[in-house]
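Quick note on UniProt numbering: the sequence shown kicks off at 1 and runs consecutively.
No lab work stands behind these hints: they were computed from the structure.
Bear in mind the structure is a predicted one, so any value in this text is a computation, not a measurement.
Heads up, some of the hints might be wrong.
Straight line, CA to CA, 25 angstroms or less: simulated SDA-like cross-link-like pairs of lysine to any residue [what the hints assert, rightly or not]:
hint : residue 1 : residue 2
1    : 22        : 34
2    : 22        : 47
3    : 22        : 74
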Amino acid sequence: MHLHPTDQFSHWQVERGGDGWKVEENGCPVEDAPAQTCFTTSFDWCVKSQLVDLLEEGLWEELLDTYQPEIYISDWWGTQRNGGCEYSICVKLLAANRRTVIAEFQANSDAIQQWNDAQYHQVSYRFRQYGRGVRYVHFLHRGKETHFRPGHYGARITNSTVMVKLS
1 MHLHPTDQFS
11 HWQVERGGDG
21 WKVEENGCPV
31 EDAPAQTCFT
41 TSFDWCVKSQ
51 LVDLLEEGLW
61 EELLDTYQPE
71 IYISDWWGTQ
81 RNGGCEYSIC
91 VKLLAANRRT
101 VIAEFQANSD
111 AIQQWNDAQY
121 HQVSYRFRQY
131 GRGVRYVHFL
141 HRGKETHFRP
151 GHYGARITNS
161 TVMVKLS
(Lines of atoms letter the chains of each structure in order from A and count residues from 1; the text may use other names and numbers.)
(Lines give C-alpha, C1' and ligand atoms only; values in the text may rest on other atoms or scores of the structure.)
Protein backbone atom coordinates (compact mmCIF):
# COMPACT_ATOMS: atom_id res chain seq x y z
CA MET A 1 0.00 0.00 0.00
CA HIS A 2 1.32 3.40 -0.92
CA LEU A 3 0.84 6.18 1.59
CA HIS A 4 1.46 8.88 -1.02
CA PRO A 5 0.06 12.40 -1.38
CA THR A 6 -2.54 11.74 -4.07
CA ASP A 7 -4.97 11.38 -1.16
CA GLN A 8 -3.67 14.63 0.35
CA PHE A 9 -3.71 14.09 4.12
CA SER A 10 -6.33 11.29 4.23
CA HIS A 11 -5.48 8.69 6.88
CA TRP A 12 -2.54 10.73 8.25
CA GLN A 13 -2.25 12.19 11.73
CA VAL A 14 -0.51 15.52 11.12
CA GLU A 15 1.50 17.93 13.26
CA ARG A 16 2.20 21.19 11.47
CA GLY A 17 5.35 22.98 12.56
CA GLY A 18 6.35 26.33 11.05
CA ASP A 19 4.07 26.98 8.08
CA GLY A 20 2.93 23.34 8.09
CA TRP A 21 2.83 20.78 5.32
CA LYS A 22 2.13 21.45 1.64
CA VAL A 23 1.47 19.03 -1.23
CA GLU A 24 3.51 19.92 -4.34
CA GLU A 25 4.69 18.41 -7.60
CA ASN A 26 8.00 16.55 -7.34
CA GLY A 27 10.82 18.81 -8.48
CA CYS A 28 12.81 15.69 -9.37
CA PRO A 29 10.72 12.68 -10.49
CA VAL A 30 10.99 9.37 -8.64
CA GLU A 31 11.10 6.53 -11.16
CA ASP A 32 8.17 4.07 -10.97
CA ALA A 33 6.40 6.10 -8.27
CA PRO A 34 2.58 5.89 -8.45
CA ALA A 35 2.40 9.67 -7.96
CA GLN A 36 4.79 12.50 -8.76
CA THR A 37 3.71 14.69 -5.88
CA CYS A 38 5.32 15.17 -2.49
CA PHE A 39 4.64 16.44 1.00
CA THR A 40 6.88 19.47 1.67
CA THR A 41 7.83 20.63 5.17
CA SER A 42 8.47 24.05 6.64
CA PHE A 43 11.03 25.63 9.00
CA ASP A 44 10.01 23.70 12.12
CA TRP A 45 9.37 19.99 12.57
CA CYS A 46 6.41 18.75 10.54
CA VAL A 47 5.31 15.24 11.54
CA LYS A 48 2.98 12.77 9.81
CA SER A 49 1.99 9.33 11.05
CA GLN A 50 -0.36 6.62 9.88
CA LEU A 51 -1.57 3.45 11.58
CA VAL A 52 -2.07 0.56 9.14
CA ASP A 53 -4.39 -2.21 10.38
CA LEU A 54 -3.02 -5.39 8.79
CA LEU A 55 -6.23 -7.37 9.41
CA GLU A 56 -8.33 -4.65 7.72
CA GLU A 57 -5.91 -4.83 4.78
CA GLY A 58 -6.87 -8.49 4.26
CA LEU A 59 -4.23 -10.39 6.24
CA TRP A 60 -5.16 -12.83 8.99
CA GLU A 61 -3.76 -13.69 12.41
CA GLU A 62 -2.47 -17.19 11.54
CA LEU A 63 -0.59 -15.84 8.54
CA LEU A 64 1.03 -13.06 10.58
CA ASP A 65 1.83 -15.26 13.59
CA THR A 66 2.92 -18.50 11.90
CA TYR A 67 4.45 -17.45 8.58
CA GLN A 68 5.46 -13.92 9.57
CA PRO A 69 5.60 -12.58 6.00
CA GLU A 70 8.20 -9.92 5.30
CA ILE A 71 6.93 -6.39 5.93
CA TYR A 72 8.79 -3.94 3.70
CA ILE A 73 8.70 -0.19 4.31
CA SER A 74 10.13 2.54 2.13
CA ASP A 75 10.19 6.34 2.02
CA TRP A 76 11.80 8.80 -0.39
CA TRP A 77 13.00 12.19 0.82
CA GLY A 78 15.04 15.15 -0.39
CA THR A 79 14.81 18.92 -0.68
CA GLN A 80 14.99 21.75 -3.22
CA ARG A 81 18.36 22.88 -4.59
CA ASN A 82 18.30 26.05 -2.52
CA GLY A 83 16.96 24.39 0.64
CA GLY A 84 18.59 22.44 3.42
CA CYS A 85 16.64 19.91 5.44
CA GLU A 86 16.55 17.28 8.14
CA TYR A 87 14.48 14.09 7.98
CA SER A 88 13.78 11.09 10.20
CA ILE A 89 11.56 8.02 10.13
CA CYS A 90 10.29 5.59 12.76
CA VAL A 91 8.22 2.52 11.88
CA LYS A 92 6.86 0.19 14.57
CA LEU A 93 5.14 -3.17 14.34
CA LEU A 94 2.46 -3.14 17.04
CA ALA A 95 0.35 -5.74 18.84
CA ALA A 96 -3.45 -5.75 18.92
CA ASN A 97 -3.52 -3.28 21.84
CA ARG A 98 -1.75 -0.72 19.57
CA ARG A 99 0.79 0.01 22.33
CA THR A 100 3.06 -3.03 22.60
CA VAL A 101 6.01 -2.63 20.21
CA ILE A 102 7.07 -5.97 18.71
CA ALA A 103 9.70 -4.61 16.29
CA GLU A 104 10.95 -1.14 15.36
CA PHE A 105 13.06 0.61 12.73
CA GLN A 106 14.39 4.17 13.09
CA ALA A 107 16.61 6.28 10.86
CA ASN A 108 17.82 9.80 11.53
CA SER A 109 19.42 10.85 8.28
CA ASP A 110 22.24 13.33 7.94
CA ALA A 111 21.01 16.81 7.05
CA ILE A 112 21.05 17.82 3.41
CA GLN A 113 22.87 21.11 2.99
CA GLN A 114 21.63 24.10 1.02
CA TRP A 115 22.69 24.16 -2.68
CA ASN A 116 22.42 20.41 -3.16
CA ASP A 117 21.59 18.20 -6.15
CA ALA A 118 17.84 18.09 -5.25
CA GLN A 119 17.77 14.30 -5.69
CA TYR A 120 15.56 12.04 -3.61
CA HIS A 121 17.11 9.51 -1.23
CA GLN A 122 15.42 6.24 -0.35
CA VAL A 123 15.15 4.84 3.16
CA SER A 124 13.90 1.25 3.33
CA TYR A 125 13.78 -1.63 5.76
CA ARG A 126 12.59 -5.24 5.76
CA PHE A 127 11.02 -6.63 8.93
CA ARG A 128 11.65 -10.39 9.05
CA GLN A 129 11.06 -12.99 11.78
CA TYR A 130 9.52 -10.30 13.97
CA GLY A 131 7.59 -12.62 16.28
CA ARG A 132 3.94 -13.39 16.98
CA GLY A 133 1.22 -10.84 17.60
CA VAL A 134 1.83 -8.14 14.97
CA ARG A 135 -1.47 -6.53 13.93
CA TYR A 136 -0.54 -2.93 13.06
CA VAL A 137 2.20 -0.95 11.36
CA HIS A 138 2.74 2.56 12.75
CA PHE A 139 4.56 4.65 10.11
CA LEU A 140 5.91 8.05 11.20
CA HIS A 141 8.20 10.47 9.40
CA ARG A 142 9.16 14.06 9.98
CA GLY A 143 11.17 16.81 8.37
CA LYS A 144 12.08 20.46 8.51
CA GLU A 145 14.00 23.17 6.69
CA THR A 146 17.35 24.06 8.29
CA HIS A 147 17.63 27.83 7.62
CA PHE A 148 14.42 28.93 9.37
CA ARG A 149 12.91 30.54 6.25
CA PRO A 150 9.13 30.95 6.11
CA GLY A 151 7.42 28.89 3.45
CA HIS A 152 7.99 25.33 2.30
CA TYR A 153 11.71 24.84 1.62
CA GLY A 154 12.28 21.83 3.90
CA ALA A 155 12.19 18.08 3.44
CA ARG A 156 10.16 16.79 0.50
CA ILE A 157 8.74 13.33 1.21
CA THR A 158 7.14 11.04 -1.37
CA ASN A 159 6.29 7.46 -2.28
CA SER A 160 5.85 6.27 1.31
CA THR A 161 5.18 2.52 1.22
CA VAL A 162 4.21 -0.36 3.49
CA MET A 163 4.20 -3.71 1.68
CA VAL A 164 3.59 -7.22 3.02
CA LYS A 165 5.39 -9.77 0.84
CA LEU A 166 3.53 -13.08 0.80
CA SER A 167 6.03 -14.99 -1.35
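Now for the hints, and whether the structure bears them out:
About 19 angstroms separates the Cα atoms of residue 22 and residue 34, which keeps this hinted pair within 25 angstroms; it holds. A threshold of 25 angstroms between alpha carbons decides the hint, and for residue 22 with residue 47 the separation of about 12 angstroms falls inside it, so the pair holds. A threshold of 25 angstroms between alpha carbons decides the hint, and for residue 22 with residue 74 the separation of about 21 angstroms falls inside it, so the pair holds.
Taken one by one, the earlier hints all hold for this structure without exception.
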